Amino acid sequence: MAFFEGLKMTGGYGTGPDIINSCSVDVNRGEIVSILGPNGAGKSTAMKALLGLINLKSGAVVINGKDISKLSPQDRVREGISFVPQTKNVFTGMSVEENLEMGAYLRDDDYQNIIEEIYELFPILREKRNQLVGELSGGQRQQVALGRALMIKPSVLMLDEPTAGVSPIVMDELFDHIIKVKRTNVAILMVEQNAKQALNISDRGYVLVTGENKYSGTGQELLNDPRVRSSFLGG
Amino acid sequence: MDFLNAIILLLNYIFVPALTYGSQLALGAIFVTLIYGILRFANFATGDMMAFGTMVTILITWYFQSIGISLGVLPTALLAIPFAIIFMIGYMLFIDKFVFRYYRVNKSPPVQLAMVSIGVMFVTQAVVRIIIGPSDRRFFDGERFIIKAGEFKEMTGLNEGLAIKSSQVMTIFITLVLVSILFWFLNKTKTGKSMRAYSDNEDLALLSGIDPKRVVMITWIIAGILATIGGALYGLDKSFKPFTYFNNMLPIFAAAIVGGIGNPFGAFLGGYVIAFSEIFLTYAYKKFFMYVLPASMEPETLIQLLSTDYKFAVSFSILVIVLLYRPNGIFKGKVL
Amino acid sequence: MRKHLNVIIAYAIMLGLIVLVGIFQSWNVALSIFNMCLISAVMTMGANIQWGYAGLINFGLMGYAALGGLAAVLISVDPVQEAWVAGGFNILMCLCLIVVMVFAVRFVLKNFEKSKIRTYGIAAIIIAGIVIIRITSEPSIEAIESVNPATTGFLGGLGLPIVFSWIVGAFFAAGLAFIVGKVALGLRADYLAIATLLISEIVIAIIKHEDWLTRGVKNVIGLDRPVPYEVELQTKEWFINLVAKFNSGKLDLMTSIADKQAALNQLVIEGSSVFVKLCYSGLFLIVVVVLLIITQKALYSPWGRMMRAIRDNEEAANAMGKNVVKQHLLIFILGSAIVGIAGAMLVTQDGLFTPGSYRPMRYTFLIWVMVIVGGSGNNFGAILGGFAVWFLWIEAAPIAFFLINLFTAGLADTHAFKIHLIESVPYFRYLMMGMGLLLIMRYRPKGILPEKIEIK
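Protein chains in written order, with this note's numbering: chain A, 1 to 235; chain B, 236 to 571; chain C, 572 to 1027.
Since the hints were made in silico from the structure, they are not lab data.
Note that the coordinates shown come from a computational prediction; the quantities given were computed from them, not determined experimentally.
Heads up, some of the hints might be wrong.
DSBU-like cross-link-like pairs, simulated, lysine-lysine; straight-line CA separation at most 35 Å [as the list claims (entries may be wrong)]:
1. B:K400 x A:K48
2. A:K88 x C:K789
3. B:K342 x A:K180
4. A:K8 x A:K214
5. B:K425 x A:K180
6. A:K8 x A:K88
7. A:K128 x B:K425
8. A:K8 x B:K342
9. A:K182 x A:K57
10. B:K342 x A:K88
11. B:K342 x C:K753
12. B:K521 x C:K789
13. B:K476 x A:K57
14. C:K893 x B:K400
15. A:K8 x B:K423
16. A:K88 x A:K180
17. A:K48 x B:K521
18. A:K48 x C:K779
19. B:K342 x A:K70
20. A:K128 x B:K521
21. C:K831 x C:K868
22. B:K473 x B:K332
23. C:K789 x B:K522
24. B:K423 x A:K153
Residues of chain B clear of chain C, computed beta-carbon distances all greater than 10 Å [stated by the list, open to error]:
25. N247
26. V351
27. M356
28. L393
29. W419
30. K476
31. L485
32. F566
All C-beta atoms, glycine included, are put in the ideal place defined by N, C-alpha and C.
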């Protein structure tokens, strides 16, 4: 039994058609798992289902053996599931430190030491702590977004295309940061467009097609699988 | 000596009145901007909500006066304001629950909410006029002047008098205190920061576990406080007339937009920008120049840039210019 | 037929209500309500074109209506010769100066790169222009305003038949809309609402305070009518015969000649004012029907389809090569022009122009209630909204009076609470408007007659 699991999830937006069909993903602590697939495969939808942003018709979401399928997104945050959206993932009008504080909104204890930990992880943020996030570069913003999500000390961190729209150099840097986060014993689940690079740092990966699991395996397995290569990795 | 006279003249006719008027506008503008930033709509009921708060203040003041409670030199209304605020907050939350909440939950476009606020404006206006009537009411009691023009002249031996009304001092003082507390709240407390976060990025705020219901409720509470105090101070300084309050909505909107809508500090400054420009541009400087210039160069006309009839038009023109050149306002909008 | 059933029923109910007023109150009241309903319907159509067809919020309706009213004055009043002699030349000079100033600004805008210096230059031109205009105009304005101030004190108009002003009013409003549109249409929806509201206040401020042009708050009264006057009618042979014919049943019952004559006189007086109102109704009805035909045709034309496409998805329409900005400006001008017509019609009917009476509650927000209640995007809905809301606006007071009496029946007539309520009867109309708007927005957000587009 994995630490965080989505089991045979089926559902879609509102009363519309099902976008994902008995789709299953799981991730353990200290592991990076990527969800890949062509456009419209239901990658983001699967992630939203795990977060509780859409209602499931069938299937379940389980964390640490506890069924959380019926919980609201806010309550899932309390269970230790943190999410970094693809866009608009920082409070641009607030300072770096305030962003981190907002990440810790649900914590009632003193979170100053966690902020220190985040600064250890992303040293640039300590430098810019009083600067407005809107004035930071794209890569720095992504670090703020990661930092905000880490403030609740999540056991599961979900990332929706963390490298969308950043330059290749920043992308490598970000992946390094994600690996650093993984070492703190967090389960990381991410949706990625840059499939090759993502699989390179992933322990495992899933390939979704039309909302169903098509292939799965370790990162290396998928990278070497000729069918996956030809259809998604560009040969 | 003439130079001093000129300065006192400007203080008396421009600076003190503009500062007072600006404070009154500032409170309203912060009210507009908070609603806009957090609830995301232009609240056309602003003026009438302020009138409602003032009306409650007046009714409680009358009650206090009838049972013989007074504050001596200070107006009784000051004592009534806290009670009026409580009532006003109740009214705001009531309206929100039965009117605005539905559209918020359904994620209606801001335009629809603005239309709904027009419905609220009609209703509030009717309620105010039915309860207290449309006529002009003064409810200031206590000592009216801190310095009278005559006394000032005697004291200093100058030609020009400086009159400072206690309502003016009260307005400026209370505004500064209230605004300082508000900014401390928004920038230093967890709840205040969560409001700014909600205004900045609603979805991310939800993902961070910020409770939207709580944010909305606190917004209405602050709005109730601002509307009541802003309205009551205006009424104490000038007089209470429902139609004037409705009209005041316009310069208040101008102040909020000039300051950058969604930005409370901008709205605060915007209030003074509007007030000072209205008074600067419509003041007749003849007397001032008579003091400053030598007798041979004394002006014949009033030296008034615009007639006072265009007082409102000044603030609206400023608004139009700002909208054209800096649509986000002088102080950049949407950062709460 | 079936699919238009709700339209027919709604209009039948509306007309039935007006007829009921005619029977129970008087035909005079019913007709004056009907006429105002027609004028409101024209205004509502103007707003509906902007909001329903293109999604533009124009909270400046008041300003356009006032300009239409101003047109009525400037067209129909006879020119005041003395005033022209006293200062007309200078005023014309100032108008030329304004034109020169505008062209100077345009010239600078076109021929210089955008820079700080250019901005300051434009500001300098405008300020200098204002100062020069003030200096040249001040003495002549004073001269004009001192010409017989009790009756004229302004330049007067052209002395043409007032009906022309309906067209001129449309052009005035269109001119203002062109300027406002150029300035404000790029703004987001709610900013546009606020900006137009404030600009209309500026327009009203000018109309109120430029006495040389409009007599300001001294009002212009006794404008010429396009229809006969009651007093004249009462002396006309044919009219008396007409009234006698209409009421022959009633008159024949009377035996004494004197009684008959007295009754006839009474009927002629009543009849004359009904007749005048009917004339107005006819004129207004022509306008409404013509506008309705044009707007309906436009709605179903390729142009109307394009407007809806722009409204529903601006970006897509833009991507398909439709010039959104230009179309928005066009529709803003058209809608405002229609409001201008309505403004001129209103002043024509009243026979007087009172700048002080233009208030946003009555001329902007009430019209918006009409649009929302009637059904935005649907011309029949807009007209119905104009009728229904105006009817309620007028009849709110009697209804409120009736309800108050009903609910306070247990109280003595001298009870302070009851007296207070009865004194505040006029304000119940605001309450009813507000409640009506809120209920419609909540439970029937598309209005009584929702927009329905059939593909033909």
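Hints, verified against the model:
1. Straight-line distance between C-alpha atoms of B:K400 and A:K48 comes to about 61 Å, which puts the hinted pair past the 35 Å bound.
2. For the hint linking A:K88 to C:K789, the alpha-carbon distance of about 57 Å lies beyond 35 Å, and the restraint is violated.
3. Only pairs whose Cα atoms come within 35 Å are accepted, and B:K342 paired with A:K180 is rejected, the gap being roughly 39 Å.
4. Among the hinted pairs, A:K8 with A:K214 is consistent with the structure: their alpha-carbon atoms are about 13 Å apart, no more than 35 Å.
5. Between B:K425 and A:K180 the CA atoms are separated by roughly 29 Å; this keeps the pair inside 35 Å, and the hint holds.
6. Our distance criterion of 35 Å between C-alpha atoms is met by A:K8 and A:K88, whose separation comes to about 30 Å.
7. The suggested pairing of A:K128 with B:K425 holds, with an alpha-carbon distance near 21 Å, which does not exceed 35 Å.
8. Pair hint A:K8 plus B:K342 holds up; C-alpha atoms about 31 Å apart against a cutoff of 35 Å.
9. This hinted pair checks out: A:K182 and A:K57 have alpha carbons roughly 32 Å apart, not beyond 35 Å.
10. A hinted pair counts as satisfied when its Cα atoms are at most 35 Å apart, and B:K342 with A:K88 qualifies at roughly 18 Å.
11. Of the pairs offered as hints, the one joining B:K342 and C:K753 holds, with about 31 Å between alpha carbons and a cut-off of 35 Å not exceeded.
12. Of the supplied pair hints, the one linking B:K521 and C:K789 holds, its CA atoms being roughly 28 Å apart against a limit of 35 Å.
13. For the hint pairing B:K476 with A:K57, the CA-to-CA distance comes to about 58 Å; that exceeds 35 Å, so the pair is violated.
14. Restraint check for C:K893 and B:K400: not satisfied, since their Cα atoms lie roughly 60 Å apart, outside the 35 Å limit.
15. Note on A:K8 and B:K423: the hinted pairing is violated, with a Cα-Cα distance of about 46 Å set against a maximum of 35 Å.
16. Distance hint between A:K88 and A:K180 is fulfilled; the C-alpha atoms sit about 23 Å from each other, no more than 35 Å.
17. Distance check on the hinted pair: A:K48 and B:K521 sit about 70 Å apart at the alpha-carbon level, beyond 35 Å; violated.
18. Distance check on the hinted pair: A:K48 and C:K779 sit about 59 Å apart at the alpha-carbon level, beyond 35 Å; violated.
19. Of the pairs offered as hints, the one joining B:K342 and A:K70 holds, with about 23 Å between alpha carbons and a cut-off of 35 Å not exceeded.
20. Restraint check for A:K128 and B:K521: the C-alpha separation of about 54 Å exceeds 35 Å, so the hint is violated.
21. Simply put, C:K831 and C:K868 have alpha-carbon atoms about 52 Å apart, too far for the 35 Å limit, and the pair is violated.
22. For a cut-off of 35 Å, the pair hint linking B:K473 to B:K332 stands: about 33 Å separates their Cα positions.
23. Using a Cα cut-off of 35 Å, the hinted pair C:K789 and B:K522 holds, with the two alpha carbons roughly 30 Å apart.
24. Straight-line distance between C-alpha atoms of B:K423 and A:K153 comes to about 23 Å, which keeps the hinted pair within the 35 Å bound.
25. Consistency note on B:N247: stated as away from chain C, and its beta-carbon is indeed over 10 Å from all of that chain's, at 26 Å minimum.
26. Once the 10 Å rule is applied to beta carbons, B:V351 is inconsistent with being away from chain C; the minimum gap is 6 Å.
27. For B:M356, the non-interface assignment is contradicted: its Cβ lies about 7 Å from the closest Cβ of chain C, within the 10 Å cut-off.
28. Even its closest Cβ contact with chain C, about 32 Å, leaves B:L393 beyond 10 Å, as expected for a residue assigned away from the interface.
29. Non-interface status of B:W419 relative to chain C is upheld: no Cβ of that chain comes within 10 Å, the nearest being about 30 Å off.
30. Distance check for B:K476 against chain C: the nearest CB is about 14 Å away, which clears 10 Å, and the non-interface claim stands.
31. Chain C draws B:L485 into its interface by the beta-carbon criterion, the shortest separation being 6 Å against a cut-off of 10 Å.
32. At roughly 16 Å from the closest C-beta of chain C, the C-beta of B:F566 stays outside 10 Å, upholding its exclusion from the interface.
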